[in-house]
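Trainee: So you can see what is in the structure, the chains are spelled out below.
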Amino acid sequence: MSVVNFIIQNILTQASVTIALIAMLGLILQKKSAGQVISGSLKTMLGFMVLSAGSTIIVGSLTYFGEIFTEGFNMQGIIPSIEAINGQAMNELGLGRDIALTFLAIFVFNIIIARFTRWKYIFLTGQAILWMATMTTVFGYFAGLRGLALILVGGFIGGVFAVAMPAIAQPFVRKITGMDDIALGHFCTVGYVFEAGVAKLFGEKGEKKKSVEDLKLPAQFEFLQDTYLSLMVVMIPLYIVTAAFAGEAFASELSGTTNYLMFAFIQSIQFVVGVYVLLSGVRLLLGEIVPAFRGIAMRLVPNAKPALDCPVLFPYSPNAVIVGFITTTIGSVVAMLVLPAFGLAMILPGMLTAFFAGGTAGIFGNLTGGARGAIIGGVVHGFFITLLPALLVTTFNSMGFVNATATDVDTVTSALLYAWIIGPLLKAL
Amino acid sequence: MKKVNILFVCGAGLGSSFACQMAAEDVLSKLGVNAKLDHSDISSAISVKPDIIITAQNFRSQFEKFSVDPKQTTIVYLKNIVSKPEIEEKIAPVLKEKGVLV
Chain L
1 MSVVNFIIQN ILTQASVTIA LIAMLGLILQ KKSAGQVISG SLKTMLGFMV LSAGSTIIVG
61 SLTYFGEIFT EGFNMQGIIP SIEAINGQAM NELGLGRDIA LTFLAIFVFN IIIARFTRWK
121 YIFLTGQAIL WMATMTTVFG YFAGLRGLAL ILVGGFIGGV FAVAMPAIAQ PFVRKITGMD
181 DIALGHFCTV GYVFEAGVAK LFGEKGEKKK SVEDLKLPAQ FEFLQDTYLS LMVVMIPLYI
241 VTAAFAGEAF ASELSGTTNY LMFAFIQSIQ FVVGVYVLLS GVRLLLGEIV PAFRGIAMRL
301 VPNAKPALDC PVLFPYSPNA VIVGFITTTI GSVVAMLVLP AFGLAMILPG MLTAFFAGGT
361 AGIFGNLTGG ARGAIIGGVV HGFFITLLPA LLVTTFNSMG FVNATATDVD TVTSALLYAW
421 IIGPLLKAL
Chain Y
1 MKKVNILFVC GAGLGSSFAC QMAAEDVLSK LGVNAKLDHS DISSAISVKP DIIITAQNFR
61 SQFEKFSVDP KQTTIVYLKN IVSKPEIEEK IAPVLKEKGV LV
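Heads up: the protein sequence lines correspond to chains L and Y, in order. Here the first sequence is numbered in the UniProt record's numbering, starting from 1 and rising by one per residue. Here the second sequence is numbered in the UniProt record's numbering, starting from 1 and rising by one per residue.
Just chain Y, same shape as in the assembly:
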């Protein structure tokens, strides 16, 4: 199966993006999705060009200013970045669209 690249983003790329990554790891292993996960700060995020970017809602206006190719990268915004139900609910449709989840 295709491996999907997911990047978790916060202001400094240290704490909350990492917490979100650890929560998402549990969700993805439950869904049986094979993914490569990493976290970074917002300045570096765009150059990484991952399949999916997961970040907190308060970064929405920032990301909207960047030129992100929607065909390449889908951005998912979370209110509670460590809530597994919210991550699952929002990420499952994206994973289906990317063809890694049936």
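With the rest of the complex left out, here is chain L:
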């Protein structure tokens, strides 16, 4: 009995061990050699702990930013970063183990749904599933679910999203790629379809439709494809301007002997360092799990269609990606300024999501509404993907998250499903 208790209290409570065991299971099921099983499991564990270290860096920088923002603008500024939410939920709230198990449960439900329905999508974007598992766990926990129920409900909802979202996007993806072999597996699909709808309404129609691919775009924008570079381009002025508004007297208290603007500059880079480290951890973490899942799923589900990360579409419409990124950023800046007037929090532009979600949405908008559709649709898309996370801020604050909210509208939608439907239902029972 004491052995069992030891296992439960000391091993399974360690999220890094849980996730390493999941990877080990996947490697054993693929009949890998003992050496490969051991090295794969250890690398997965390393990945998880690198991810946690990245999260600590992000939280440190965000705490500083929160203080100068509140001082400078007299309101709370929220940075939309699903990475920050994930890190805080895993470390500070101690939900790491539940997130790891929900992550596994989403894979399992995905395979079951794809096996027994006509929607044969296998969702292979590991980090998106990790973010989905984070949100269902955090909001399920907040709604009062615990233990097995928390994991199974989260796994089921995540599994449904993992099949439904590629299915919704597929009619568009088929037209973009000109084939039906791959699907889009990225939890921002609600936003893509939304932009496609807006672009169809307001864009060019029929013969007059002009694709943005026929336009010549200035080459200066191409550096934005370098994720960390574009993140720095935004975070540096954001921190420095905020520190300037907070004033030398206040900001110097935080910066010690360093000049307060210099300190803000270093902290802005520190935020990007955190994202870099965290995503390197995710890369290590998923390196063994995703191929295992792919191997198992492809064997169990005949005619499975892999749903892949959004940049798979980028080479088909590179101009639309840039247009989508810029217009989505404009839309999120508009939302940042407008939402506080309606009593919502001020959400700062989240550059990672503006690039990946905005770029993909641009491709959808260009497809249905041409250049005009992509531009109008992009701005509305930027507003839309800022509005939804703004609705979550109060809940996040009451749970103790620091100055951050989620991104990726599909995961936000699943969170709202918990907050507005599942939570009240549980309370009524």
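Hint data in this document are derived by calculation from the structure and do not stem from the laboratory. Any given hint might turn out to be false.
To be verified - Sample of chain L residues facing chain Y (criterion: CB under 7 Å; computed from the structure): (1) Gln127; (2) Asp226; (3) Leu308.
We put the beta carbon where it would ideally sit given N, CA and C, even for glycine.
Let chain L serve as the given structure and place chain Y on it in line with the hints.
Mentor: Frame of chain L, contents of chain Y only:
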């Protein structure tokens, strides 16, 4: 036989480069090539100095700005980064040139 180092690159080094790596793995095992595969983001890619970099077409102008020694690293651009026929068609000549495929 010599082991060839191949790096798959995308913006964040997470999703699409990894998908491309998994597709290429199937192609390489079909060709019987022994390779070490990894994926990364574009900022880190240059310092790795692999034998071959495989990336999507939309990164071409970015890579052209970097100083990559063509003798050391060959860059392959793909339109559909998960298409096994396209990967095979474009990578086979490079592998022959590197002396790992006859």
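Trainee: Flag every earlier hint the structure violates by its number, smallest first.
Mentor: Of the numbered hints, all hold.
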